[in-house]
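Asks: Guided by the hints, dock chain E onto chain C, whose structure is given.
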Amino acid sequence: MGLELDLVTKQYGSKTVCDRISITFQKGIYGLLGANGAGKTTLIRMMCGVLAPTSGTISFNKIDVSHEDYRDALGYLPQDFGYYPEFSALNFLLYIAALKGLPKPQAEEKAWELLEQVSLDKDARKRIKTFSGGMKQRLGIAQSMLNNPQILILDEPTAGLDPKERIRFRNMISRLGADRIVLLSTHIVSDIEHIAGTILVMKDGSLIHQGTRDEIISSIDGKVWECTLSQSDSVGICKKYPVINIRQESGGTVLLRLISEEKPCAEAVNTQATLEDLYLYYFSEVSEQ
Amino acid sequence: MNRNLKKELKSSFQAPPPTDRERFLKQLRYPKITYREFLLAQLPYIRKRIWIASAFIVFLGWMIAFRLSAFQYLSGNGLKIWSISSVLPFLAVMTITEVYRSCAYKMAELEASCRFCLHQIITARISILGAVNFIVLILLLIFINQISAYSLLQTILYTIMPYLCVCAVCLWLLNRIHGSDGIYACAAAAGFVSVASILCESLVTVLYTDLYLNSWLTLFAICLVMIGFQLHKFAKKLEEKQWDLSLTW
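Quick note, the sequences are listed as chains C and E, same order. Residue numbering for the first sequence follows numbering that gives the first Met the number 0, beginning at 0 and increasing consecutively. Residue numbering for the second sequence follows numbering that gives the first Met the number 0, beginning at 0 and increasing consecutively.
Just so you know, these hints were derived from the structure itself, not from any lab. Check each hint, because a few of them may be wrong.
What the hints assert, rightly or not - In silico lysine-lysine, BS3-like type, Cα no more than 27 Å apart, as pairs:
| hint | chain 1 | residue 1 | chain 2 | residue 2 |
| --- | --- | --- | --- | --- |
| 1 | C | K128 | E | K47 |
| 2 | C | K163 | C | K125 |
| 3 | C | K135 | E | K105 |
| 4 | C | K202 | C | K14 |
| 5 | C | K121 | C | K135 |
| 6 | E | K235 | C | K14 |
| 7 | C | K128 | E | K105 |
| 8 | E | K105 | E | K236 |
| 9 | C | K61 | C | K26 |
| 10 | E | K105 | C | K26 |
| 11 | E | K47 | C | K135 |
| 12 | E | K236 | C | K14 |
| 13 | E | K105 | E | K47 |
| 14 | E | K232 | C | K125 |
| 15 | C | K125 | E | K236 |
| 16 | C | K26 | C | K202 |
| 17 | C | K121 | C | K103 |
| 18 | C | K238 | C | K262 |
| 19 | E | K9 | C | K14 |
| 20 | C | K14 | E | K232 |
| 21 | C | K121 | E | K235 |
| 22 | C | K163 | C | K222 |
| 23 | C | K163 | C | K202 |
| 24 | E | K47 | C | K121 |
| 25 | C | K103 | E | K47 |
| 26 | C | K262 | C | K239 |
| 27 | C | K103 | E | K236 |
| 28 | C | K222 | C | K238 |
| 29 | E | K232 | C | K103 |
| 30 | C | K222 | C | K239 |
| 31 | C | K125 | C | K103 |
| 32 | C | K61 | E | K105 |
Here chain C stands alone, though its shape is the one from the complex:
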């Protein structure tokens, strides 16, 4: 039971965007981490019934993704969602509520409740086109919760949110994850580091890792180094290894944090790995591109 993906594959011509992905989601928060172009959005679209997989099956409690009952249990925030220009925030929520099959009295009640939760109740009757990016994103999050979904899928939900909103959003997701499946796709490590019970790492259309934060990080234990070098020595090291952080120290030296299979220089000291280190370890080539 739960949300099951069985050998889900998506191909466009000869290009395989998602390659035989199998996983079962139970209640809790899942973070889907991957660089741009890793296939996260395609996987999410298939899980939301927006795209059909080339092969494989997706089901929730044995209900196929193509079935109305599956969509009934789903809340989805797309990466880049639009709105009709004449819509106010309230109209938008009522429209989506109608598409989700909510009767009008319940839809109005739920819309106001969610607008309050995302602090848009005072702007409820303003047109969405006057909203900032953060306000639109909060509205998007509100619409995804209209039907009190058992599966909540959010694609890059924190895009456009300021740090304060981002923290508030994380707290909101933490609360929501208690009694439903929440899948959060992002390439921003800090979005999921502290709230996701399970982290999925996706690269080139495949899930290369899945587990808790500590389990995932253990795969690069012993590969993260810190060293203090002169400016000139640091240039050569930066060219040779993926550097996570550079900090100018007093006395003209530089503190480097980098990833390497072997000790990069005599001064290097092994240090505790973080999720950000892991991201860079797997996606440094993609980022450079």
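Replies: Only chain E this time, still in chain C's reference frame:
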């Protein structure tokens, strides 16, 4: 239970305060609306301009047909049919773009993931707008037929041909051009058909003769086939969920 006994119990024993009531109500799953209710719920989301334009076209048709003083320069009944038919492309373009607005305003992905999915939403819009257009066309044909010297078949052909042409061309365009560009292309097509129709004013008396009736019938059939084909193509795209490959990864 006896009503009096119930009343006595209620007055003698106070009910305990509700615990976790709010949470219970939040978790409660309400019965969902049926497709018919959903169809009716879509009515307010059809833009006002569709209703206004439809009412205006019916009013214009009535004025042209029966209020000769305002349209004295349209002396022949051929010119009356021609003038009404020249306005109909705008009704067609407004209808088609209303049906396709999910794709133009990037709402398609969100709508596709809802209980009533994109396919059902588009069907609902086609049903509502199709019914509205049908009523408008029927009313216009009733008005025109009152004053027309042509047969009913000719009146139908001459009146709705520009409308059908624009429907066919717009559907063809929207199956090829995505986003708001498609809507601009449709507006251009409607403008072109309407202007072409206006420019043909001097030819009306020739084109509306029996000599060209077969050509009108052929064009009518071509437009109907093209509309059917393009609608089928669009429906197939929705079923195969290939409505916007440009968004993919």
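Asks: For every hint, state whether the structure bears it out.
Replies: Right, here's what the structure says about each hint:
Between K128 (chain C) and K47 (chain E), the direct Cα distance comes to roughly 19 Å. Compliance with the 27 Å bound is thereby established for this hinted pair. A distance of roughly 23 Å separates the Cα atoms of K163 (chain C) and K125 (chain C); the hinted pair therefore holds under the 27 Å criterion. As the CA atoms of K135 (chain C) and K105 (chain E) are separated by approximately 14 Å, the hinted pair is consistent with the 27 Å bound. Taking the CA atoms of K202 (chain C) and K14 (chain C), the gap is about 14 Å. The hint holds against a cut of 27 Å.
Our distance criterion of 27 Å between C-alpha atoms is met by K121 (chain C) and K135 (chain C), whose separation comes to about 14 Å. Using a Cα cut-off of 27 Å, the hinted pair K235 (chain E) and K14 (chain C) holds, with the two alpha carbons roughly 23 Å apart. Under the criterion of a C-alpha separation no larger than 27 Å, the hint pairing K128 (chain C) with K105 (chain E) is consistent with the structure, at around 14 Å. Between K105 (chain E) and K236 (chain E) the alpha-carbon distance is near 16 Å, which keeps this suggested pair within the 27 Å criterion.
Distance check on the hinted pair: K61 (chain C) and K26 (chain C) sit about 16 Å apart at the alpha-carbon level, within 27 Å; holds. The hinted pair formed by K105 (chain E) and K26 (chain C) fails the criterion: a straight-line CA distance of about 30 Å is larger than 27 Å. Distance check on the hinted pair: K47 (chain E) and K135 (chain C) sit about 25 Å apart at the alpha-carbon level, within 27 Å; holds. With a C-alpha separation of about 21 Å, the suggested pair K236 (chain E) and K14 (chain C) falls inside the 27 Å cut-off, and the hint holds.
This hinted pair checks out: K105 (chain E) and K47 (chain E) have alpha carbons roughly 21 Å apart, not beyond 27 Å. Between K232 (chain E) and K125 (chain C) the alpha-carbon distance is near 38 Å, which puts this suggested pair outside the 27 Å criterion. At roughly 35 Å between alpha-carbon atoms, K125 (chain C) and K236 (chain E) are farther apart than 27 Å, so this suggested pair is violated. Proposed proximity of K26 (chain C) and K202 (chain C) is supported: the alpha carbons are some 24 Å apart, at most 27 Å.
Restraint check for K121 (chain C) and K103 (chain C): the C-alpha separation of about 21 Å stays at or below 27 Å, so the hint holds. With a CA separation close to 15 Å, the supplied pair K238 (chain C) and K262 (chain C) stays within the 27 Å bound. Distance hint between K9 (chain E) and K14 (chain C) is unfulfilled; the C-alpha atoms sit about 71 Å from each other, more than 27 Å. As the CA atoms of K14 (chain C) and K232 (chain E) are separated by approximately 25 Å, the hinted pair is consistent with the 27 Å bound.
At roughly 42 Å between alpha-carbon atoms, K121 (chain C) and K235 (chain E) are farther apart than 27 Å, so this suggested pair is violated. For the proposed pair K163 (chain C) and K222 (chain C), the alpha carbon gap of about 33 Å is over 27 Å, so the pair is violated. With a CA separation close to 30 Å, the supplied pair K163 (chain C) and K202 (chain C) exceeds the 27 Å bound. The suggested pairing of K47 (chain E) with K121 (chain C) holds, with an alpha-carbon distance near 26 Å, which does not exceed 27 Å.
Distance check on the hinted pair: K103 (chain C) and K47 (chain E) sit about 21 Å apart at the alpha-carbon level, within 27 Å; holds. Distance check on the hinted pair: K262 (chain C) and K239 (chain C) sit about 12 Å apart at the alpha-carbon level, within 27 Å; holds. Using a Cα cut-off of 27 Å, the hinted pair K103 (chain C) and K236 (chain E) is violated, with the two alpha carbons roughly 31 Å apart. Of the pairs offered as hints, the one joining K222 (chain C) and K238 (chain C) holds, with about 17 Å between alpha carbons and a cut-off of 27 Å not exceeded.
For the proposed pair K232 (chain E) and K103 (chain C), the alpha carbon gap of about 34 Å is over 27 Å, so the pair is violated. For the proposed pair K222 (chain C) and K239 (chain C), the alpha carbon gap of about 14 Å is at most 27 Å, so the pair holds. Note on K125 (chain C) and K103 (chain C): the hinted pairing holds, with a Cα-Cα distance of about 20 Å set against a maximum of 27 Å. Between K61 (chain C) and K105 (chain E) the CA atoms are separated by roughly 31 Å; this puts the pair beyond 27 Å, and the hint is violated.
The structure is inconsistent with the numbered hints 10, 14, 15, 19, 21, 22, 23, 27, 29, 32, although it conforms to all the rest.
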